[in-house]
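Colleague: Sequence:
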Amino acid sequence: MAARKKKAWQDKLYDSLKKDLGITQFSYVPDAGHRILIDRSLSDPSVHSIPLSTEEEGVAMAAGAWLGGERSAVLVQSSGVGNCVNFFSLNVNARIPLLMLVSMRGDFGEANPWQVPMGQAVQPVCEASGLKVLRCDYEHEVLATVQAAGQMAFRSLQPMAVLFTQKLLGAKYFA
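If you use the numbering used here, the sequence shown corresponds to residues 1 to 175, in order.
Quick caveat, the hints were computed from the structure, so don't treat them as lab data.
Check the hints yourself; a few may be wrong.
[Claimed, not checked] Distance condition first, Cα-Cα at most 20 Å in a straight line; then the derived DMTMM-like pairs of lysine to aspartate or glutamate:
1) 7 with 20
2) 172 with 139
3) 132 with 110
4) 18 with 139
5) 12 with 137
6) 7 with 141
7) 7 with 110
Keep in mind that this is a model prediction, so the values were computed, not measured.
When you get a sec, could you build the whole thing from the sequences and use the hints?
Modeller: Rendered as structure tokens:
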């Protein structure tokens, strides 16, 4: 009997985003940390997969999706969160849900000094901008954490950021 390949946590997350949270739109800036989610959304004809030229476009896309009766997940890397600060006021003040999944750089084991300042600033910047922030350090936390963030976003109309830390994703090393 052939051994079954374990399903990656990212695949389980994609399935849960669609089935449990009703996500029909994925907007993203290309990023290795979100590669599986991006690839799955691109190959899935039942969702809209929208590449962004800059991260703040995703915040506006999420608002537009909500106003059009859809639910969106925004996939960004931590280095782009600073680009979104001005746009967060749309979701905060208008009480429009935002589910932003952030692949972190500049934290646990970061080898690139240019990533550290923004990586350290992501959570306080998001919180100061009115977003609620949840963190995932380990695979076993991902589904429940994203599910909770989605419930808070779409039922309580809270803008949410879920940080996928480098403990979860692994630090990138460059020679």
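Colleague: All hints are to be evaluated individually against the structure, with a verdict given for each.
Modeller: Hints versus structure:
Using a Cα cut-off of 20 Å, the hinted pair residue 7 and residue 20 holds, with the two alpha carbons roughly 18 Å apart. A threshold of 20 Å between alpha carbons decides the hint, and for residue 172 with residue 139 the separation of about 18 Å falls inside it, so the pair holds. For a cut-off of 20 Å, the pair hint linking residue 132 to residue 110 is broken: about 24 Å separates their Cα positions. Straight-line distance between C-alpha atoms of residue 18 and residue 139 comes to about 19 Å, which keeps the hinted pair within the 20 Å bound.
Restraint check for residue 12 and residue 137: the C-alpha separation of about 16 Å stays at or below 20 Å, so the hint holds. With a C-alpha separation of about 16 Å, the suggested pair residue 7 and residue 141 falls inside the 20 Å cut-off, and the hint holds. Distance restraint check for residue 7 and residue 110: the Cα-Cα separation of roughly 27 Å exceeds the 20 Å cut-off, and the hinted pair is therefore not satisfied.
Consistency note: the structure conflicts with the earlier hints numbered 3 and 7.
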